[in-house]
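**Q** Fit chain L to the supplied structure of chain E, relying on the hints for placement.
There are 2 protein chains.
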Amino acid sequence: MPSYTAPTRDMQFILHDVLNVSEQDTPGYSELDREFTSAVLEEAGKISSEVLSPLNPVGDSEGCVLENGVVRTPKGFKAAFDQVREGGWTALDLPEEYGGQNMPYVLGTAVGEMFSGANQAFTMYQGLTHGAASAILVHGSDQQKETYLPKMFSCEWTGTMNLTEPHCGTDLGLMRTKAEPQEDGSYLLTGQKIFISSGEHDMADNIVHLVLAKIPGGPDGIKGVSLFIVPKFIVKDDGSLGDRNGVTCGKIEEKMGIHGNSTCVMNYDGATGWLLGEEHKGMRAMFTMMNEARIGVGMQGLAQAEVAYQNALAYAKDRLQGRAVTGTENPNGPADPLIVHPDIRRSLMDQKSFIEGARAFMLWGAELIDRSHRGEDADAEGLISLMTPVIKGFLTDEGYDMTVLAQQVYGGHGYIEEWGMSQFTRDARIAMIYEGANGVQALDLVGRKLAQDSGKHVMAFFEMIKTFLKENEGDEALKKDFLDPLKAASKDLQASAMFFMQNGMKNPNAALAGSYDFMHLFGHVCLGLMWARMAKASHAALEAGTTDEAFYKTKLATGRFYMKRRLPATALHLARIESGAEPVMELDAEAF
Amino acid sequence: MPSYTAPTRDMQFILHDVLNVSEQDTPGYSELDREFTSAVLEEAGKISSEVLSPLNPVGDSEGCVLENGVVRTPKGFKAAFDQVREGGWTALDLPEEYGGQNMPYVLGTAVGEMFSGANQAFTMYQGLTHGAASAILVHGSDQQKETYLPKMFSCEWTGTMNLTEPHCGTDLGLMRTKAEPQEDGSYLLTGQKIFISSGEHDMADNIVHLVLAKIPGGPDGIKGVSLFIVPKFIVKDDGSLGDRNGVTCGKIEEKMGIHGNSTCVMNYDGATGWLLGEEHKGMRAMFTMMNEARIGVGMQGLAQAEVAYQNALAYAKDRLQGRAVTGTENPNGPADPLIVHPDIRRSLMDQKSFIEGARAFMLWGAELIDRSHRGEDADAEGLISLMTPVIKGFLTDEGYDMTVLAQQVYGGHGYIEEWGMSQFTRDARIAMIYEGANGVQALDLVGRKLAQDSGKHVMAFFEMIKTFLKENEGDEALKKDFLDPLKAASKDLQASAMFFMQNGMKNPNAALAGSYDFMHLFGHVCLGLMWARMAKASHAALEAGTTDEAFYKTKLATGRFYMKRRLPATALHLARIESGAEPVMELDAEAF
Numbered sequence: 001m002p003s004y005t006a007p008t009r010d011m012q013f014i015l016h017d018v019l020n021v022s023e024q025d026t027p028g029y030s031e032l033d034r035e036f037t038s039a040v041l042e043e044a045g046k047i048s049s050e051v052l053s054p055l056n057p058v059g060d061s062e063g064c065v066l067e068n069g070v071v072r073t074p075k076g077f078k079a080a081f082d083q084v085r086e087g088g089w090t091a092l093d094l095p096e097e098y099g100g101q102n103m104p105y106v107l108g109t110a111v112g113e114m115f116s117g118a119n120q121a122f123t124m125y126q127g128l129t130h131g132a133a134s135a136i137l138v139h140g141s142d143q144q145k146e147t148y149l150p151k152m153f154s155c156e157w158t159g160t161m162n163l164t165e166p167h168c169g170t171d172l173g174l175m176r177t178k179a180e181p182q183e184d185g186s187y188l189l190t191g192q193k194i195f196i197s198s199g200e201h202d203m204a205d206n207i208v209h210l211v212l213a214k215i216p217g218g219p220d221g222i223k224g225v226s227l228f229i230v231p232k233f234i235v236k237d238d239g240s241l242g243d244r245n246g247v248t249c250g251k252i253e254e255k256m257g258i259h260g261n262s263t264c265v266m267n268y269d270g271a272t273g274w275l276l277g278e279e280h281k282g283m284r285a286m287f288t289m290m291n292e293a294r295i296g297v298g299m300q301g302l303a304q305a306e307v308a309y310q311n312a313l314a315y316a317k318d319r320l321q322g323r324a325v326t327g328t329e330n331p332n333g334p335a336d337p338l339i340v341h342p343d344i345r346r347s348l349m350d351q352k353s354f355i356e357g358a359r360a361f362m363l364w365g366a367e368l369i370d371r372s373h374r375g376e377d378a379d380a381e382g383l384i385s386l387m388t389p390v391i392k393g394f395l396t397d398e399g400y401d402m403t404v405l406a407q408q409v410y411g412g413h414g415y416i417e418e419w420g421m422s423q424f425t426r427d428a429r430i431a432m433i434y435e436g437a438n439g440v441q442a443l444d445l446v447g448r449k450l451a452q453d454s455g456k457h458v459m460a461f462f463e464m465i466k467t468f469l470k471e472n473e474g475d476e477a478l479k480k481d482f483l484d485p486l487k488a489a490s491k492d493l494q495a496s497a498m499f500f501m502q503n504g505m506k507n508p509n510a511a512l513a514g515s516y517d518f519m520h521l522f523g524h525v526c527l528g529l530m531w532a533r534m535a536k537a538s539h540a541a542l543e544a545g546t547t548d549e550a551f552y553k554t555k556l557a558t559g560r561f562y563m564k565r566r567l568p569a570t571a572l573h574l575a576r577i578e579s580g581a582e583p584v585m586e587l588d589a590e591a592f
Numbered sequence: 001m002p003s004y005t006a007p008t009r010d011m012q013f014i015l016h017d018v019l020n021v022s023e024q025d026t027p028g029y030s031e032l033d034r035e036f037t038s039a040v041l042e043e044a045g046k047i048s049s050e051v052l053s054p055l056n057p058v059g060d061s062e063g064c065v066l067e068n069g070v071v072r073t074p075k076g077f078k079a080a081f082d083q084v085r086e087g088g089w090t091a092l093d094l095p096e097e098y099g100g101q102n103m104p105y106v107l108g109t110a111v112g113e114m115f116s117g118a119n120q121a122f123t124m125y126q127g128l129t130h131g132a133a134s135a136i137l138v139h140g141s142d143q144q145k146e147t148y149l150p151k152m153f154s155c156e157w158t159g160t161m162n163l164t165e166p167h168c169g170t171d172l173g174l175m176r177t178k179a180e181p182q183e184d185g186s187y188l189l190t191g192q193k194i195f196i197s198s199g200e201h202d203m204a205d206n207i208v209h210l211v212l213a214k215i216p217g218g219p220d221g222i223k224g225v226s227l228f229i230v231p232k233f234i235v236k237d238d239g240s241l242g243d244r245n246g247v248t249c250g251k252i253e254e255k256m257g258i259h260g261n262s263t264c265v266m267n268y269d270g271a272t273g274w275l276l277g278e279e280h281k282g283m284r285a286m287f288t289m290m291n292e293a294r295i296g297v298g299m300q301g302l303a304q305a306e307v308a309y310q311n312a313l314a315y316a317k318d319r320l321q322g323r324a325v326t327g328t329e330n331p332n333g334p335a336d337p338l339i340v341h342p343d344i345r346r347s348l349m350d351q352k353s354f355i356e357g358a359r360a361f362m363l364w365g366a367e368l369i370d371r372s373h374r375g376e377d378a379d380a381e382g383l384i385s386l387m388t389p390v391i392k393g394f395l396t397d398e399g400y401d402m403t404v405l406a407q408q409v410y411g412g413h414g415y416i417e418e419w420g421m422s423q424f425t426r427d428a429r430i431a432m433i434y435e436g437a438n439g440v441q442a443l444d445l446v447g448r449k450l451a452q453d454s455g456k457h458v459m460a461f462f463e464m465i466k467t468f469l470k471e472n473e474g475d476e477a478l479k480k481d482f483l484d485p486l487k488a489a490s491k492d493l494q495a496s497a498m499f500f501m502q503n504g505m506k507n508p509n510a511a512l513a514g515s516y517d518f519m520h521l522f523g524h525v526c527l528g529l530m531w532a533r534m535a536k537a538s539h540a541a542l543e544a545g546t547t548d549e550a551f552y553k554t555k556l557a558t559g560r561f562y563m564k565r566r567l568p569a570t571a572l573h574l575a576r577i578e579s580g581a582e583p584v585m586e587l588d589a590e591a592f
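Chains as they are written, first to last, in full-length UniProt numbering: chain E, 1 to 592; chain L, 1 to 592.
Here chain E stands alone, though its shape is the one from the complex:
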């Protein structure tokens, strides 16, 4: 059975050696000293390894079962959910006012990676609730906040997001679900929503659905969409639960993975709902959830790559097969362990160098969110808004590829469900799709974010890299292995942006045909930057005479691998981008 060990050492390195969180002036960051974050991460790691990880294969093989309108979650899920709830893990980074722990998002993100890595399907129940609660927190009335938030923060009640309908996913303007206004100010909702994660289950007393619907007579298309709170049980004035609302689970989907999470068809048959935020401004409110959710999904990509890598590594050290080409390394055994073989190393290093770079990228992104929300830093907000599709798209695509590499290390055993490696790839697959398929992320990046505020944020990104390179140009230890490759990669990114500017105005397809490559190019540059920053921090630690020399030397070697073997992908992406729209758009649809 696969196992999960929380990467606390690496997280501490990023938080303290690279991001220097406790020295920053973002509100709440001064508390984040090494001892405090270590205590939180160790405790979260323990729950992840001991409680959530053993339930991961159980969730996969049992799945969720719908019987007489009730969804039964896999054996052990409810007890584990209670344990997570009792440990106070469900609202780590939410405000104290409604029962949260008010810790920075950066710490919540680190904990989130652990939970997701140990058990993605399970953690989604909590993750969706967090997203729904955040939307109510930002857009809800005081009464709505008082009614729902304390129970949602504690996950006594869970939450969902209801966007997709059978005929529309990305294009929500086609939506048909109706919300008819009632005299008491409530609405009656009618329609069908699909792909509703955690839509119905047996782990919470109530489920608070956030539902997009159209109020009849409103504007056409996406501008006529409003957001509603539709609880499974109506909440009475005294906060107790009243009548069962007219919302039911019609079906649980059979999926490729995340079987432990109930993906429901939800039927709204005159269900009572209350407007959240303003009429016809539903998309704005929904995006509060979506942006957070997108970053959380990027984290899932990284998290599945991490757990798959851990198990591939253990197998590579344990499984004896063949002899090292440079001479026997395990003379007392019948063969050498897999890890002696160069191609197994190549695979493990691809995984390791992605994961550690991605983790730094992820936590840097979370830090920007804290600077934006807690520190009200508009530049940070612009930058994270720009990078959100990159975090979502690049980390889930690459994260998935890494689970495939990890599975491959197991040879035939990787294909057998019993060994657990298949589950990691099957679970990781969804992250490329939900919360906006990765092609939509690329479109968001190139079609919207690049030009946002007159391109201010992407210019700031380039400026930041330039400044970093300039500040460190005298550092000979960094130059050849880290700064030069970063410079080359960021030149490729700039050339791509330039190509879009020069050609995209005349023909938008010239930019959009390269959008997917641009997202990946951008991702590589971000990881290159993170590796350069991590290398700098590692040199500093080694020069300061650290007692953990092995850790920092390994970090440097892993970074050099990334710069030499992964980062040169930027040139290929640039070549694809610069080939423009024609190769992509030339054929008529009928010619395919």
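Derived from the structure by calculation, the hints contain no laboratory data.
Backbone N, C-alpha and C fix where the C-beta goes; we use that ideal spot for every residue, glycine too.
Misleading hints may appear alongside valid ones.
Computed beta-carbon distance windows for the label pairs [to be verified]: (1) E:Pro181 / L:Arg72: 56 to 62 Å; (2) E:Met464 / L:Asp379: 56 to 62 Å; (3) L:Gln452 / E:Asp318: 49 to 55 Å; (4) E:Glu582 / L:Asp379: 38 to 44 Å; (5) L:Ser3 / E:Lys46: 47 to 53 Å; (6) L:Thr5 / E:Ala79: 48 to 54 Å; (7) E:Phe287 / L:Glu67: 52 to 58 Å; (8) E:Lys75 / L:Met1: 30 to 36 Å; (9) E:Asn330 / L:Lys281: 24 to 30 Å; (10) L:Pro331 / E:Asp453: 32 to 38 Å; (11) E:Ala495 / L:Arg72: 24 to 30 Å.
Below, computed lysine to aspartate or glutamate pairings styled on EDC-like, alpha-carbon distance capped at 20 Å [as the list claims (entries may be wrong)]: (12) L:Lys236 / L:Glu165; (13) L:Lys251 / E:Glu418; (14) L:Lys46 / L:Asp10; (15) E:Lys223 / E:Glu180; (16) E:Lys480 / L:Glu418; (17) E:Lys178 / E:Glu279; (18) L:Lys480 / E:Glu582; (19) E:Lys251 / L:Glu418.
**A** Frame of chain E; chain L shown alone:
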């Protein structure tokens, strides 16, 4: 439910416009005129679409069930197997002497792609039988051939390959299964084999297992391995079936995919077997099966990519979502079809340009096998031996990636089993693993095939490209779009081979650390060559005033896409290769 349409038009193009099969002097090729191959392909296509394809999801959802030692295949499999048998499809390219149809392998390969694309799990029962029969044909005694081949050619009896044991896959020298010689010349086999595809089932009267085992007292390791014929039922002298042999299925594995094929643990408890070929020369005999099987597996990668693409394309034309950025294309509908969006195009073109290039590569490889076997052409044999790991490794890796792209076109529906796209990726995944995991293919390519016969075959490959470029250098229509990119890509391949030569002698790891990239680089150059040849053939057809202009123009546009957007990957692979052993091998195993 997904569907399958046989790509007969494209196959005819490759066979006749590109390979000009009927004009070649390879024995049997003169019969392969357009009418004949069309008749065979149309008929095979019909069975694929109408019989095999509808059973594909059935096989996936039902799987195989072991009860009281008997394996039940999914509903409909047996009737379909009878139909395939009765149609004479099981020994298309095997000799007439034992009931085969004696058609060239190139035609068998085209038909094989159809069957595999329509239903991979089903087609494996027949494919394994073909491989086992081929090994008996080459290495068996006259009596063995007479006993087994007629029934195996007709698939009344099926065959298996038994290599892997729980503790050894790639490293077969560690094998423990024993074969004790008996006085009557037979052997008693004892041991356990795992991952035995089609190991036990209810579709044939007998199952002929080919089993690798060690005769006690023989040489250690791989040099002491012999190959045995172990039938499920002992065949009596009159050809009728006698006693049940001591071989049983202990378990069916739960796998990620190919559920319709029974992957068995086979227990040999003093089972009677007969030596096939010479004592201790089992690997040589097994490789007869393995090489054929490896090419067949490469074909599976292509076949799954094709069927996944067909369904993605249909969805992209049908699903209405969003509007084209350059202006509405479907004004009477609520939205435009997905195919208007550049990033959907990018994905479809990636798939289409890979598939068509891969099909040409595959059929060219099959033609080389015919030249080698039927024409006794040693150069062709050397070339296909060199390219076998490329066909297996590159086509299955890329084929898998294409199924992932196709699944992505479906958005959320791609993740729901009901739509069938998940099955294509789950089924395609095994092809990267079995018959030698792709890392082992890369090792075979760089560690063995490159230097084979003093590097003669790789030199011949480079020479062939040089000749092609020279022969066509005056062709302005080809030059910029096809010849120049092919030249650049083949330079990258030559530079890689040069790097290995210069560095691999001193340090074998310097070559092996780049082996995987070399396999992919090689694959891209092969597809680049095929696209150049296809472009040449298309220009010729257009100049000759073809009535099917649209087909050839589409072919050229698809080829240009490959050259512009896919082939530049060679530079990235070269960069990775030239970074050498150090980034890959630097860390101690403990440092991971």
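**Q** Does each hint hold? Answer for all of them.
**A** Hint check results:
The hinted range of 56 to 62 Å is satisfied by E:Pro181 and L:Arg72, whose Cβ atoms lie roughly 58 Å apart. At about 57 Å, the beta-carbon gap between E:Met464 and L:Asp379 stays in the expected band of 56 to 62 Å. For L:Gln452 and E:Asp318, the hinted distance range of 49 to 55 Å is not satisfied, since their beta carbons lie about 33 Å from each other. Checked against the hint of 38 to 44 Å, the C-beta distance between E:Glu582 and L:Asp379 comes to roughly 40 Å, which is consistent with it.
Roughly 50 Å separates the CB atoms of L:Ser3 and E:Lys46, a value that falls within the hinted 47 to 53 Å. A hinted range of 48 to 54 Å holds for the C-beta pair L:Thr5 and E:Ala79, which are about 51 Å apart. Distance hint check: the CB atoms of E:Phe287 and L:Glu67 are about 54 Å apart, consistent with the given range 52 to 58 Å. The hint said 30 to 36 Å for the Cβ distance between E:Lys75 and L:Met1, and at roughly 33 Å that hint holds.
At roughly 29 Å, the beta-carbon separation of E:Asn330 and L:Lys281 lies within the given 24 to 30 Å, and the hint holds. For the pair L:Pro331 and E:Asp453, the beta carbons lie near 34 Å from each other, so the given range of 32 to 38 Å is met. Taking the beta carbon of each, E:Ala495 and L:Arg72 are about 60 Å apart, not inside 24 to 30 Å as hinted. As the CA atoms of L:Lys236 and L:Glu165 are separated by approximately 30 Å, the hinted pair breaks the 20 Å bound.
For the proposed pair L:Lys251 and E:Glu418, the alpha carbon gap of about 13 Å is at most 20 Å, so the pair holds. The suggested pairing of L:Lys46 with L:Asp10 holds, with an alpha-carbon distance near 16 Å, which does not exceed 20 Å. Note on E:Lys223 and E:Glu180: the hinted pairing holds, with a Cα-Cα distance of about 17 Å set against a maximum of 20 Å. Distance check on the hinted pair: E:Lys480 and L:Glu418 sit about 52 Å apart at the alpha-carbon level, beyond 20 Å; violated.
At roughly 13 Å between alpha-carbon atoms, E:Lys178 and E:Glu279 fall within 20 Å of each other, so this suggested pair holds. Straight-line distance between C-alpha atoms of L:Lys480 and E:Glu582 comes to about 15 Å, which keeps the hinted pair within the 20 Å bound. Only pairs whose Cα atoms come within 20 Å are accepted, and E:Lys251 paired with L:Glu418 is accepted, the gap being roughly 13 Å.
In summary, the numbered hints that this structure violates are 3, 11, 12 and 16.
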